[in-house]
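Taking the hints as your guide, dock the two standalone chains into a single complex.
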Amino acid sequence: MSAAAVHSLWTTAATAAEPISKINAPKIEYGQLSPTLIVVGAAIVGVLIEAFVPRRSRYHAQVFVSAVALVAAFAAVVALAADGYGTTKAHIAAMGAIAVDGPSLFLQGTILLAGLVGLFTFAERRLDPAAHGNRVDSFAAQAASVPGSDSEKAAVKAGFTTTEVFPLLLFAVSGMLVFPSANDLLTLFVALEVFSLPLYLLCALARRKRLMSQEAAVKYFLLGAFASAFTLFGIALLYGYAGSVSYGTIARVVDGTVTNVDPALADTMGNDALLLVGGAMIVMGLLFKVGAVPFHMWTPDVYQGAPTPVTGFMAAATKVAAFGALLRLLYVVLPGLRWDWRPVMWAVAIVTMLGGAIVAITQTDIKRLLAYSSIAHAGFILAGVIATSKDGVSSVLFYLAAYSFVTIGAFAVVTLVRDAGGEATHLSKWAGLGRRSPLVAAVFAVFLLAFAGIPLTSGFAGKFAVFKAAAEGGAALLVVIGVISSAIAAFFYIRVIVLMFFSEPRPEGPTVAVPSPLTMTAIGLGVVVTLVLGIAPQYFLDLASQAGVFVR
Amino acid sequence: MENLIALLVAAPLLGAAVLLCGGRRLDAVGHWIGVLMSTLSFVFAVILFADLLGKNAEHRTLIQHLWTWIPVESFQADVTFRLDQLSMTFVLLITGVGSLIHLYSVGYMEHDERRRRFFGYLNLFLAAMLLLVLADNYLLLYVGWEGVGLASYLLIGFWQHKPSAATAAKKAFLVNRVGDMGLSIAIMLMFTTFGTFAFGPVFSHAGDASEGKLTAIALMLLLAACGKSAQVPLQSWLGDAMEGPTPVSALIHAATMVTAGVYLIVRSAVIFNGAPDAQTAVVVVGAVTLLFGAIVGCAKDDIKKALAGSTMSQIGYMVLAAGLGPIGYVFAIMHLVTHGFFKAGLFLGAGSVMHGMNDEVDMRKYGGLRKYMPITFITFGLGYLAIIGFPFLSGFFSKDKIIEAAFAKGGTEGWILGTCALVGAAVTAFYMTRVMLMTFFGEERWKNRPTRSPEAPSAEPAAEHRGEHAEPHPHESPKVMTIPMIVLAFGSVFAGGLFSINNSFLHWLEPVTGHSEGDSPVSAGAVTGATMVCLVIGVGIAYAMYGRRPVPSVAPRGSLLTRAARRDLLQDDFNHVVLVRGGEHLTRSLVYVDHTLVDGVVNGTAASVGGLSGRMRRLQNGFARSYAVSMFGGAAIIVAATLLMRAV
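Those sequence lines, one after another, are chains A and B.
In terms of this note's numbering, the first sequence opens at residue 1 and continues consecutively.
In terms of this note's numbering, the second sequence opens at residue 1 and continues consecutively.
Read the hints as simulated data drawn from the structure, not as lab findings.
This one's a predicted model, so the numbers in the text were calculated from it and none came from an experiment.
Just so you know, even glycine gets a beta-carbon here, dropped at the ideal spot from N, CA and C.
Please note that a few of the clues may not be correct.
Claimed, not checked - Residues on chain B that point at chain A, a partial pick, calculated with CB under 10 angstroms: (1) 609; (2) 616; (3) 626; (4) 628; (5) 632; (6) 638; (7) 641; (8) 646.
Okay, chain B solo, but in the shape it has when bound (with noise of 0.2 angstroms):
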């Protein structure tokens, strides 16, 4: 059975190579492979979690040896596929959601005619991701983790002819680096302590190792995550990625690869457990982003922007589950896939709106819209409902444990950690209910004007097929946008609820992960008593704020720190001043080293031993009384050195 599990990967990577490979006559099925290639794997997937169902839990690892990679003497490296409970959970997420996402980008990118292209580019980054969560050794790792880099980069700057988009890849790329840098440097110190980085012998190791080594690798790896899961400090690049067509945002900017994140700390669970500073790090990290998060997604206008700050204070959420130990792993991974469901239909919907909308982003032109687009208005509305965490959709289940966990994490620091994720969840439910109310309640603000203002570009070339300043006319997607759409609402509303029975999830989880129960302070009814009553607080002001006062279609001058939420928390303006200015004056200064310096070395031992080169050809003057001098001085210089070499 575990000869499928290459399959899973090499089913999207030949779906990539074809497309990418096979030129202009796959265009007219070329999206069909892509869908075709990413269903089979999601098939595949199925099977094999069938047969792992079948087993005893602790015989729930399938390992296939591919190839020796790397053979050389202490330096060995493996292409070995490890699919265990946690691999199993990451490949049907990443199949199944994909697959629907590539069914949805069928429609969504009918009128471009670059398709072909990018469901080769979907399918890459479905092959690269599956090989990051299956891989049996960081080094493999590493491959996937640059793959998903790379398919990002290209999905993101796939509009590559507007300049927004290919700046928004660049910066993607470039933030990235710096985390790519963490897990690189972490692989690097794994094998000076272990002399390997295999999974199995760097976990069964890390017990040897000393408490600073396991910090240090930790908090590289944490780096790295915080890089490919937009977490602060390197959390810039997620709300550009936006640039990027719609179905990317939900597939790989929502629901898969900036939770490569979360996978990591969570397989890395044995290295994270022997660094308890480090773990310290991780929540203050999960914390800061997930409050950052929810306040940007509070300011912004763009509805894919609010989003995405919805998405970076989620994964918040997991990150800082996952920075509590073994209380939180499970649950950062059960919210993970809720998450992937809820905010990939979120994005789906928001895709659909936006192409009954001419491609319109702005949330302040849009309004009503519930009359004209009653499935994404259910689907939406269901995926809003989950995230908020409205009792008994999958979002209630998942966030309540992570809010659990987090005061069971005990002491000063447990009730600073629950407050945070509480006040969290006030403001998710804040800006969630005033995406739903500027959306599809409210007045019609599109009627009777272009939605297009010049200022305002279009995310969209499409839309410059169908007329770009026409008044829109707001409609259904078709079927084969809302089916997805329909498909994934079922999972935001009752995949928490399935993984909750019996504790489900946990059992399944628990071999790889570990669990303890903590201690928590508060019981766990007075904990959900507490987010409900924070969830109606947050309702309730947005409901007063958006949905009794009409909506201004221009966006208000705002208090101070609703103009620096807009703008990020500042956060351009700090990478700018800090990172740029900087870096530019590091770099001038180095120019300046290089040009008088280094320049002025190396051009002045040319031109000195030029110089030398000139004067010492002199002695060679053509008369052969003076060849004799010279081989006469040379003989006394050299019968003299003998002598005292002996004397000395």
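This is chain A alone, in the form it adopts within the complex (with noise of 0.2 angstroms):
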């Protein structure tokens, strides 16, 4: 609240002479937040778990909890968009702050579905061999210990694990599920930091090569504070413009419908400047969570340090969330701006898609290979949201749906790839990995095919759907150099087919672990997925078609 705003109320409070006699409570529409807040709910009852509880039965609690908060929050979703409130009854809830509409309800579930496939892989225990008669996860056991030292030794020994990681990832989600759904720039703040924060700490995590690991934690929370920054910047900037934080009251002032002046604001309200690089900040910021060009440089880093289970979680969720709430303030708040940041974000979308094909092409460990290949798939889908329309809505709802489960397959199978080192993720050590061990390679192989968008599989349906509406949009040297650059990316993604299937296995190769069926369940349900909406992808093509309206 600004000082004039304050001012102006004690002088009114001064010269009225009357008390304030009732402050109006907040209506809160707990029904339609349900989702968030049986997670939040979750996520504090597992602090509270791992306060009381003792250790031996934490993981089974945390994991039971978890398992059921996201279920029973998927079902609330679920239930909200049978009621309606994605379509007919979308509206604006919680005093003006959450938009429940058709878009956040979809992406809520992507969310939720996506951490519950997360889960399924941060709980797997049969990968890492029992260290001293213990199962162990892929998570430190004990973070605080220095790596290396005594202190930890004797943790590993006494058979700690860390099971904070199951509340931090549900405090994760529930920033998530506020984020793309947030409708004033304050909520939007709150939630980025919600989900940001546990995401830094769960990326120091890992059991094996933690000073990567901790290096890759320490400069994630870096450029991320950094891109905060920006964000936060911008919404000064904004409010400076507007007079508002407030989604709507933003658009409608850029548009001129508002145009009664807040007199403390009377030098700002307004000015073009503000707008564009306010705007532009909040942008910058969103881009960052993507990871397009060229605010995507903490993506290989962070996602080869971080362990598997968070990478596969965080590349999947963090994609959506972020992107759903790129549409938003693009959509809600900036369409009056479109001539502005359109060829902007043509420039963004083609270095992303091209930078990260071209940088990908000479990776040579899978992790960091995926991580540009996510990189380059930020670039694709921006294209959709530039085609500004429903259909680039609906496309863009279609590709992030399809996108995380292929994503949190993927690398759940590298969590299968193991030698003495733990995870054998040097591209080299997959050689003739088909030979060996033919169905975790044939499933690779179809992620891999989904990934370079080809027809069967989800990623080709994604694609088609992006460029399609791009080129409607009036982005076809977009659409071309979309299709350039999956023909580059499809080069490293066959190659490491051809690797796995044409190359003779390496003596001293790496064994592929058998995993608990949470992991199956992950890269089972990530295989099903990728070929369902691959082959018959109309019924869910129809479903964010009509989920593609925003409120409001």
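Here you go:
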């Protein structure tokens, strides 16, 4: 609240000399916010579990609570959608802070499913060989112990596991649920921080290669804080321009339907420079989260350093949430400005598609390869965002849903290929995998083909929808460059397939661990969704199309 | 009754399927299945013919719609058959002559272990040829067109173990591709012009199209006809096609398939009528081929190749007649039918001679065979008399009409064409007399010498079973072979006369093709007289050269023209120099461009993308500070660009 506002409040109170009799309680539609509330509640329960439940039982309690919460939240989303909140009853809840509409519900559903599948990979405890008789997961025994120190050894020996990852996951999910449905800039920022901070922590928790993991977390944190600063500065500038942080009000100021100037902001209101700079800076913060060039540089380092289940979850869910927020910002707040932001986003999309695809060619680490691939995919999705049409929205929604399952599945496969040092992520070690473990290699090949956008996979349907929307939105050049980038990208995806199936296996090559049903479910779900969305995408395209309208 | 039409095609098609898929267990009876299916088709044809005869002329068109083949919105194609007087004529010829040749083949191919497959191919050919003449739209016709091409390819190369046969099959296939391109382009042009390629709508709307469009379509159809009917400039494959078994030469490369081009032109009469320039091209092609084939026929010592030259020449007559327009269409078809009889008979006779002569084909090693093969001699002789136009035999009526029609074209054009046709008649008389004399008269040059010299390899492998270098013992062929020859000889003798009684053939076909008398500058009697004179001259010269003097058993060097004619008037040399060399040069330069330019660009792109990748990844140096700078720079650029967008 600005100083002027306080001042006017004070003067009003002084002159009227009338005591403020009552404060209107904010009206909160708990039912419509229930998905978020369930997840937040479960996260708090998770913290309590950490505090009060004996160490031995924590893992099971945490997994149980998290799974129930995510399933319940997903059921709540489905119930809301079935009730018509995605279409006819779409409205803005919680005193203008949260929009409950089609895109919100679709993205929340996607995030919850990604979270659930991510939870399965988090909870996997059969891959790492048991340490001192204790089954362990991918996370550090004790995050606070210095890598290589005696205390770490003691923690490993004692069979500690970092079960805090589950509440952290739930907190991140809760932030992600709010992020695409935030309807004012402050809620947007709070949600951004709520889901970013747990992710920074999660990145630092790898059981193996701990230094690398911690380095990744620090980089992510520093750069993330830097990006948040940009966002926050942009929010301030937009407030200066419009006198409000509410999406609807800003949009009305932009297109000129609101003209009453707040006297306290007389100097700044309506100043287009503030609008342009502020808008650009907020968008920039979001582009950081989706990993668009030139804000992508954290992606490979963090994806490589973070524990692989975290990488998979983060790559999928963060992108969904951040693209959702970006869509709402561009379609609800700044549609009046689209002739200003479209050319810039064009340029960003082009360098993102080409940059991601080109640099991926020379990568030798499978996790880094997938990181660059995710950058290229961010570019493809941006092409759909630029379409500025209903089809653009629904194609992006579909793409995000398709992409998140492929991504989590692919990273889950990465966790299976192991040697003495943990996961064998160097590409040379994957040579001949198809001979040794044909099933795993075939599954991974399916994911790679989906990434490459080969027909009969969800990747093709998604890419087709996005490019079609972009072409119809007048961005034919973008589509041409998108297709060229896809061709470049296909090279390195298929190179991996060739490596797996047509190279001689190395004698000291990695082994493929047999996972528990949890990871199997995650991978199996990925394959099924990839093929179903690839072979019969129409139902889901229709679903995304119904969900493609923002409430204002 | 129209439901029978599909059975015409279905019977041989079923036969082909059974024979080709049936495997060895059908080896013993396969040939009879083939004959049965062919005869069955002929029986259906006769029933349908009787039905048509019972109707009025204007009701003699039967349509059978089977199913919609391509149901795309504006691109409709049906599998529909049309049986009218024109297709009925062809159906009778194809199934009738076809059945006789099936029967003949039972004897001729007796020693061939792949006889079942041979009959499968023959049945396949019949089905495709019937489809071709029964189709009610050009697209379905095209299916038949390609089908006969396939059957022809398979049968020319039937003895594929002989490199010459394999090469000849490939040559026929390739040359025919050129013509087939013409047909497919014609169909595309029809679709763009008329929006359809069904016969009915195309012909009824032909009047609305511009002459230029019609000329283009007609020229493309002519190209197709040239390929299939071995007309100049696509004639080169027919001579080599004689590598196939003789029944194939008789059925496909004399009586039926090679006349498909004539069918195509006559069927498309409406289009040609609207394109006079294209008609001129047709008569030129016909006249040139008529003389070309006749000259080649004079020089060949291989009996089948001499007959092949003759086929080319006779089809030249038909194409010439078809190019004359309504004055000629009926006579083109009439000559086609009579030619079908006598040329098939001649080929079967040649096959019979070869059968008795250890598969020798060189006429210089024949001589005096009339005593040994009386039936062959008589049937061949009747065919000979028919083809040279001996009075009151088939060829006399049909060829005479064409020559009359050529004069009736009128003007200088009429005189030139008429003269060509007359000269052709004289040359025909010459080369056919030559064949006759060298084969059946004169001294027996095959005595005291093995018939096969090492440098003249045998045409047919069956010879190996009968002793390769033994002196031949000429003998009459078995009944299964002679009966078809006798039947065909009857056709050669009487068909023309039958057709000409009361102009019955003319009245039969007129409703489909139309007819006009034309305006001949010379009377019909004068034309007939001139033809007779030409005939006598031709026969006389041949008798002087080959009847009175002994025939040397090794070919003399001969004049320049003779030597050129032996090489098919240098057709292959021309093709080799112009097309093969030219093609090779083109290919080589394209390969060069591909290797340097295209591959250069492709590999260069890949290399530069890879190089770019290597350079760009160096930006990813692992320092958070550099990343932050990159973000800051990016933010600055984005903000600046956004402001700039507004400023512009």
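Now for the hints, and whether the structure bears them out:
1. 609: 6 angstroms, holds
2. 616: 5 angstroms, holds
3. 626: Constraint on residue 626/B satisfied, holds at 8 angstroms.
4. 628: Nearest chain A Cβ about 6 angstroms off; hint holds.
5. 632: 8 angstroms, holds
6. 638: 5 angstroms, holds
7. 641: 5 angstroms, holds
8. 646: At 6 angstroms from the nearest chain A Cβ, residue 646/B passes the 10 angstroms test, so the hint holds.
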